[in-house]
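Participant: Listed here are the chains, written in short residue letters.
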Amino acid sequence: MTKPRNSSLLQPDKFSYDYKSSRGLEKDLILEISQQKQEPAWMLNLRLEALKAFKELKLPKWSPDLNEIDFNDLYYYLLPLGKTLRSWEEVPADLRNVFQKLGIPKAEKEMLAGVGAQYDSEVIYESLRDDLASKGVIFMSMDQGLKMYPELVKEYFGSVVGPADNKFSALNSAVWSGGTFLYIPRDVHISQPLQVYFRMNYEKGGQFERSLIVVEEGSKLQFIEGCSAPAYSSNSLHAGVVEVVVKRGAQVQFTTIQNWYKNVYNLSTKRAIVGEEGLMRWIDGNLGSKLTMKYPACVLAGRKAKGEMLSISWAGEGQHQDVGAKMIHLAEETTSQIVSKSVCRNGGRNSYRGLVSIAKEANHARSKSSCDSIILDNKSRIDTYPRSRVYQSNAIVEHEAKVSRLEEEQVLYLASRGFSPNEAEKTIVNGFLEPVIKEIPMEYALEMNRLIELEMEDSIG
Amino acid sequence: MGNLTVRNLTVTVDNKKILDSIDFNLSTGEIVALMGPNGSGKTTLAKSIMGYPNYRFDKDSLIEINGENLVPDSIAERSRKGLFLGFQYPVEITGVNVQELIIAAIRAREKKNLVKLDVIIAEIKERASVLKINKELLDRDINYQFSGGEKKKIEILQMFLLKPKFAILDEIDSGLDVDSLKLLVQVVKQEVARNELGILFITHYPDVLNYLLPDRVLVMNNGKIVEKGNLDVVKRIASEGYNFSENNDQAA
Numbered sequence: 212m213t214k215p216r217n218s219s220l221l222q223p224d225k226f227s228y229d230y231k232s233s234r235g236l237e238k239d240l241i242l243e244i245s246q247q248k249q250e251p252a253w254m255l256n257l258r259l260e261a262l263k264a265f266k267e268l269k270l271p272k273w274s275p276d277l278n279e280i281d282f283n284d285l286y287y288y289l290l291p292l293g294k295t296l297r298s299w300e301e302v303p304a305d306l307r308n309v310f311q312k313l314g315i316p317k318a319e320k321e322m323l324a325g326v327g328a329q330y331d332s333e334v335i336y337e338s339l340r341d342d343l344a345s346k347g348v349i350f351m352s353m354d355q356g357l358k359m360y361p362e363l364v365k366e367y368f369g370s371v372v373g374p375a376d377n378k379f380s381a382l383n384s385a386v387w388s389g390g391t392f393l394y395i396p397r398d399v400h401i402s403q404p405l406q407v408y409f410r411m412n413y414e415k416g417g418q419f420e421r422s423l424i425v426v427e428e429g430s431k432l433q434f435i436e437g438c439s440a441p442a443y444s445s446n447s448l449h450a451g452v453v454e455v456v457v458k459r460g461a462q463v464q465f466t467t468i469q470n471w472y473k474n475v476y477n478l479s480t481k482r483a484i485v486g487e488e489g490l491m492r493w494i495d496g497n498l499g500s501k502l503t504m505k506y507p508a509c510v511l512a513g514r515k516a517k518g519e520m521l522s523i524s525w526a527g528e529g530q531h532q533d534v535g536a537k538m539i540h541l542a543e544e545t546t547s548q549i550v551s552k553s554v555c556r557n558g559g560r561n562s563y564r565g566l567v568s569i570a571k572e573a574n575h576a577r578s579k580s581s582c583d584s585i586i587l588d589n590k591s592r593i594d595t596y597p598r599s600r601v602y603q604s605n606a607i608v609e610h611e612a613k614v615s616r617l618e619e620e621q622v623l624y625l626a627s628r629g630f631s632p633n634e635a636e637k638t639i640v641n642g643f644l645e646p647v648i649k650e651i652p653m654e655y656a657l658e659m660n661r662l663i664e665l666e667m668e669d670s671i672g
Numbered sequence: 002m003g004n005l006t007v008r009n010l011t012v013t014v015d016n017k018k019i020l021d022s023i024d025f026n027l028s029t030g031e032i033v034a035l036m037g038p039n040g041s042g043k044t045t046l047a048k049s050i051m052g053y054p055n056y057r058f059d060k061d062s063l064i065e066i067n068g069e070n071l072v073p074d075s076i077a078e079r080s081r082k083g084l085f086l087g088f089q090y091p092v093e094i095t096g097v098n099v100q101e102l103i104i105a106a107i108r109a110r111e112k113k114n115l116v117k118l119d120v121i122i123a124e125i126k127e128r129a130s131v132l133k134i135n136k137e138l139l140d141r142d143i144n145y146q147f148s149g150g151e152k153k154k155i156e157i158l159q160m161f162l163l164k165p166k167f168a169i170l171d172e173i174d175s176g177l178d179v180d181s182l183k184l185l186v187q188v189v190k191q192e193v194a195r196n197e198l199g200i201l202f203i204t205h206y207p208d209v210l211n212y213l214l215p216d217r218v219l220v221m222n223n224g225k226i227v228e229k230g231n232l233d234v235v236k237r238i239a240s241e242g243y244n245f246s247e248n249n250d251q252a253a
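Here the protein sequences come in this chain order: A and B.
For the first sequence, my numbering assigns the number 212 to the initial residue and increments by one for each residue that follows.
For the second sequence, my numbering assigns the number 2 to the initial residue and increments by one for each residue that follows.
Chain A extracted, bound-state conformation (with noise of 0.2 angstroms):
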């Protein structure tokens, strides 16, 4: 283990890390992480088992090609600062100044009731509404939480997504640092969004944040993560764990922009327990990384429970988007909606893979999937992988996809309006991501709609 070093490997945020593990993946590391966090027994445990199981998880024979990461020569732990501010004065210059150009701190006066940053490894900002405080509310990074609440976080964590899941949630699980937890107590409605944003720094660095969020009855949230990381030569992963636990009558949006640099492998799970009469609903926007594999999960455990997934997916040049959603149904008169757009391009691949699976037990089961994508040149590639398991025949289950190109009608006749070739296919494009844009809160599809037009200007001529 060593202490921060030569800056110009900081690149390109320059400071110096309060703290770095050294490369690689052992025991040892794990022992050094739950050390410095001062972590109960159990989580240490937890971490060591989850540590074996990864060893032992074979990668899924299905997944596509994920060979060019080297697990021992990644940074897994790396503290900014070594602490977590309440203030931004208080965080130092060249950091704060990082999440200024992201628009955090602008967003945070005028439209979140709370704010998380989390940098590499360490959550360097929180903040939270003090009428939310006040209410019970409890908001601040996963690390603090298991000093502060350790009964509340040893009930849940690992109880959604368990440890041995699958061979990223166990790579999570052993390493994780930072990430999210939020408690709501019940019947506490939520009216602004909460936003935790991720950024990745460091050059061949991991970045593993954990969040768990338990929503009591009758509460309502909504929740959102931004992420990015700087233009580095060599590849780096991002492999979170969320859960979601959403109790009677609770109802939880989680919105996710991802837009990783082209050269991280963002390996995430994703996964919520819905209890009777709850909603939970995924929107998930994909434009960044290399390669994501994220099928966002809701079990849908209580009588009546609602799941929902929108998502976008976006891959250009030299990027494979696989990514789907899986909806669970365990009891009766549970429902669920899929609704999937993916656009491809300059060689981009996106890969839908979705489960709809109906227990016996569920009873009246409602679930429909839609999958539409638009290829816009003849380089790139969609695949659509749908699956359902339904072993109750009185259970509703729809399925469509659509796989189109650009219509030329269409772009005929907004070029007889006057419209470019370019701009007609941004148009286009738009529109056919509109359903989904709407449904995210109007900041975020802005900077949806920002980014996509990048993504466009990239390279049409």
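Note that these hints are calculated values from the structure, not bench results.
Every residue, glycine too, gets a C-beta built ideally from N, C-alpha and C.
Warning: the hint list may mix true and false statements.
[Stated by the list, open to error] Label pairs and their in silico Cβ distance ranges:
1) D208/B <-> S615/A: 37 to 45 angstroms
2) N55/B <-> D281/A: 50 to 58 angstroms
3) Y206/B <-> S615/A: 34 to 42 angstroms
Once you have looked at the hints, place chain B on chain A.
Facilitator: Leaving out everything else, chain B in the frame of chain A:
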């Protein structure tokens, strides 16, 4: 005043001649009707003038606005130079609402002098109300699940907002009920009377011309203009059908 001049317009598709030596003029402040049976080449003429791809022009074909040759220009450039085509079957584009499309189209032709958004929106609303377009239609995806009449009104609305010098309206009368058609003809005539717009009005129903009262009438058949005249031509078509002009053509 402005002039659209079409000279010697000869077009082939897959080595087949589909337009043959088309000649005509259109001035601002003028309405010229273009008639002809189905398949006579009216829509091909409209799309050729607008610059649709896959049409091969003979080399002495000429399309000019005020002496400026448009043949090398793309569709979008022709649009920005003041041509407009109102489609017989406008396409639907899901996710793009009428008002957004019109705003983007106006922005696409502005270079520096940006008109304020609220000014544009106010004009869209005003023109829509004159055309008796339901306000709610402006927020809907363009042409998606629109009635035939709604589609045509939205085409005319776009024409008014984009302020072309010359508009070709292709069978804008089909799919419209009589009241809507009369309203449409009336507002189009009012606009033309301001002498800043010339209209080539394509139809194959003679009836509409009785209230459109065009300044001149062209008749096409088999890719050629076979008759040029005034409303008398329309009366002959109404009583004898298009055969008369074909016979004429053969006789000539």
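Participant: Would you mind marking each hint as holding or not holding in the structure?
Facilitator: A quick look at each hint next to the structure:
no.	hint	result
1	D208/B <-> S615/A: 37 to 45 angstroms	40 angstroms, holds
2	N55/B <-> D281/A: 50 to 58 angstroms	52 angstroms, holds
3	Y206/B <-> S615/A: 34 to 42 angstroms	36 angstroms, holds
This entry satisfies every hint, going by the numbered hints stated previously.
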